[in-house]
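2 protein chains.
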Amino acid sequence: MSNSKNAFYAQSGGVTAVINASASGLIETARQHGDRIGTVYAGRNGIIGALTEDLIDTSQETDAAIAALRHTPSGAFGSCRYKLKGLEENRAEYQRLIEVFKAHDIGYFFYNGGGDSADTCHKVSQLSASLGYPIQAIHIPKTVDNDLPVTDTCPGFGSVAKYIAIATREASFDVRSMCQTSTKVFVLEVMGRHAGWIAAAGGLAADVDHSIPIVILFPEVEFRQDAFIARVKENVSRFGFCSVVVSEGARWANGTFLAEQGTRDAFGHAQLGGAAPVVANMVKQSLGHKFHWAVADYLQRAARHIASKTDVDQAYAVGAAAVDYALAGDNAIMVTIERLADEPYRWQVGKVDLAAVANVEKFMPPEFISDDGFGITDACRRYLTPLISGEDYPPYRQGLPDYIRLQNKPATKKLATAFELG
Amino acid sequence: MSNSKNAFYAQSGGVTAVINASASGLIETARQHGDRIGTVYAGRNGIIGALTEDLIDTSQETDAAIAALRHTPSGAFGSCRYKLKGLEENRAEYQRLIEVFKAHDIGYFFYNGGGDSADTCHKVSQLSASLGYPIQAIHIPKTVDNDLPVTDTCPGFGSVAKYIAIATREASFDVRSMCQTSTKVFVLEVMGRHAGWIAAAGGLAADVDHSIPIVILFPEVEFRQDAFIARVKENVSRFGFCSVVVSEGARWANGTFLAEQGTRDAFGHAQLGGAAPVVANMVKQSLGHKFHWAVADYLQRAARHIASKTDVDQAYAVGAAAVDYALAGDNAIMVTIERLADEPYRWQVGKVDLAAVANVEKFMPPEFISDDGFGITDACRRYLTPLISGEDYPPYRQGLPDYIRLQNKPATKKLATAFELG
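Each protein sequence line maps, in turn, to chains Z and X. Going by my numbering, 77 is the number at position 77 of the first sequence; the sequence numbering is gapless. Going by my numbering, 11 is the number at position 11 of the second sequence; the sequence numbering is gapless.
Incorrect hints may have been included.
In this list, chains with the same sequence are indistinguishable; a pair is considered to hold if it fits within one copy or across any two.
List of simulated lysine-lysine pairs, DSBU-like, C-alpha gap at most 30 Å [said to hold, decoys possible]:
#1 LYS309 to LYS5
#2 LYS362 to LYS102
#3 LYS85 to LYS284
#4 LYS102 to LYS83
#5 LYS233 to LYS5
#6 LYS83 to LYS290
#7 LYS5 to LYS284
#8 LYS83 to LYS233
#9 LYS102 to LYS233
#10 LYS284 to LYS83
#11 LYS409 to LYS102
#12 LYS362 to LYS233
#13 LYS290 to LYS362
#14 LYS362 to LYS309
Derived by calculation from the structure, the hints in this document are not laboratory data.
Isolated chain Z (complex conformation) (with noise of 0.2 Å):
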């Protein structure tokens, strides 16, 4: 075991359905490898575990616990919304943690989020040139927005979007049924602050099969009122009723969000509402339409029930190439997901320099989007449907999902200092 060195794991930003598949993959991979990886430790609550020296021994947690985080949402051992700084502005925050490397003995660093921690990937990945420590630093792709670039799809995505392919159907149905006395017009507000790919995965819920009249409101499109209440209108006329998705990211041409529309309560305090209501009052004032509205916020991406068996698949072969690519002596890329073929569909994993990665953001493509601005073309379809094929049923116990918790007892710390986050 002298060529061994430890591993550190940690879970960033935002979790999914997913992510802990990639940590499934990482770990299980790694202890195939014990002759050269020894521990791998996992931050608690991401990158903060790693400063404040709160790592968790996954060695402690048996193959069973490993092999079910595949099927477990969220993060299993916490995550956090904390970016590093540059080097310039708090070299502290490195310089703490390379101690917690040494003293550890931690060699590879795998950090599993999307773009922010990809910028915090490579600052780490450059700490042997700019502080002599060596470590190889490999980021694992992970993020519902699949707003990360080179990468084919970012894992966590296709998932959500099978959910709201889904809902967006299942709700269509239930409107359909109902609309000759009663509701009309349904809105489900979907998840994607700055793209539109969620959004996206709406349009699947209509096919050939399914002539179902469904309006998406993109974050890429600028919000045009008259028009999307005269093509509702229209619907409704043909169809009798009418969908809309509605990203949380639609905003105004003036680059306010749709969902801040300066609504107040009782008491005179800017609400903080959803753009699904927004647009439901606006039809109904338009159109006089009775209407319903759903937001399904977290339900979306920690939809593990309904997991993209896809994703799931893509997910875990991200963790575990992580390791293989640290093994052939990687430092400083992403993992990727590539596409060979849409149909059959056919990927592989790849690697792609951290530096082509780190603060660039993939929006929907134009020809993704059909000229009117609120639907999805053949080309986006091709793209999407691969994403969200398969099933993988996590087991149930009692009626309900049997998810992983895992122990997540410490590792003993050797270090007789703490530290304050900044």
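Guided by the hints, dock chain X onto chain Z, whose structure is given.
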């Protein structure tokens, strides 16, 4: 076929994930008795289809299509909210029904709905006596609200309960992952304007293996803001986070719904908000915690993708039993579910006089609500658990549930007159 009569079937009120399973059970059973039941006509958009002579000829649908109704949510023939008035108030409606029934040789009236529908069905069952038209009327229970009396549960409820229990568990896992640096309180709004059965199901998310702090706000318990805030505060202090499940029917001591908090939009219009944002903002203002909220709305009652197997089986069974009872000569009854044992769960179908059902609502009994008013008791857990047990997944195609859309071909009209709905 001399003894044979045709049947009329209609779906009424809010649709569910499993009301079509009842239709499937009814039509499949009727097809097995072609010597006594000729054609099953379905009302297009419920009872309105009977009044306007807009009948769907279900014999035009294949056996495979009728079987597929078992896994398809919503109302396949259309539903409506339309309550027949009393015979004295609107005799014309009943005379029109008889005219249509006579024209299509209908001897069986099957009505699939909730409390209001039971009342309508009861009135139709009296037509033999009151207007001399021989008909057998049988009510098939359906309501997500679970508020029909006598029957142990109502088909439709178990699947919503399962959805809410799972959603609460999944979202709670999510919040727990992030609570150190982000969201600490998550609020989920669920259906149930009068009865708290659906809200109660949120309590199932926590069990011996999952110590999740959940505060439930029932319509049956008057809302006390101080006690509520104190409980949330205690949970956040002890667990780091708190989940809240609020019924849309939660109300203040004066009877006002929490959702009607006098919220106004930028134009001063009363905003039809939800209870969830009201409760979430209350927590923010009192305790300062970051929050998220979701409103499941139709997503919960349409969620056939995660329907309870118990519920699907029971929905099918009550539809099938309605035909059996009709052939045995019954009239003016509702089919019921009778519980024989909690664990292992055993049940059978039964029947009850419609006179005992119409206009009676079943609320959560006090012994199902914990003393503090914010949780469920073990007795409630014993009642609910079997109702959400088992999964009954629909088939999938390209990542989406392969729900059926029937042809719904109209039966040839036989009457020269139209009918104006009242």
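Hint check:
Proximity of LYS309 to LYS5 under the C-alpha cut-off of 30 Å is found in neither arrangement, the shortest distances being 33 Å within a copy and 49 Å between copies. Taking the shortest alpha-carbon separations for LYS362 and LYS102, neither the intra-copy value of 36 Å nor the inter-copy value of 64 Å comes in at or below 30 Å. In this assembly of identical chains, LYS85 and LYS284 lie within 30 Å of each other by CA distance solely across copies; the values are 29 Å between and 47 Å within a copy. Taking the shortest Cα distances, LYS102 and LYS83 sit within 30 Å of each other inside one copy (22 Å), while across copies they are farther apart (75 Å).
Taking CA atoms no more than 30 Å apart as the test, LYS233 paired with LYS5 passes in neither setting, with 64 Å inside one copy and 43 Å between copies. In the homo-oligomer, the alpha carbons of LYS83 and LYS290 lie at most 30 Å apart only across protomers (18 Å), although the nearest pairing inside one protomer, at 45 Å, exceeds that limit. In this homomeric assembly, LYS5 and LYS284 never come within 30 Å of each other (Cα to Cα): the closest approach is 63 Å inside a single copy and 45 Å across copies. Within a single copy, LYS83 and LYS233 get their C-alpha atoms only as close as 45 Å, which misses the 30 Å cut-off; across copies the closest is 28 Å, which meets it.
Within a single copy, LYS102 and LYS233 get their C-alpha atoms no closer than 65 Å, and across copies no closer than 39 Å, so neither meets the 30 Å cut-off. Taking the shortest alpha-carbon separations for LYS284 and LYS83, only the inter-copy value of 24 Å comes in at or below 30 Å, while the best intra-copy value is 42 Å. When the C-alpha separation of LYS409 and LYS102 is checked against a cutoff of 30 Å, the pair qualifies only within one copy, where the shortest distance is 20 Å, while the shortest distance between copies is 75 Å. In this assembly of identical chains, the alpha carbons of LYS362 and LYS233 never lie at most 30 Å apart, being 33 Å within a copy and 40 Å across copies at closest.
Taking the shortest alpha-carbon separations for LYS290 and LYS362, only the inter-copy value of 28 Å comes in at or below 30 Å, while the best intra-copy value is 37 Å. Taking identical chains as interchangeable, the C-alpha atoms of LYS362 and LYS309 lie at most 30 Å apart only when both belong to the same chain, with a minimum of 23 Å there against 41 Å between chains.
Figure legend: structure checked against the earlier numbered hints; hints not met, in rising order: 1, 2, 5, 7, 9, 12.
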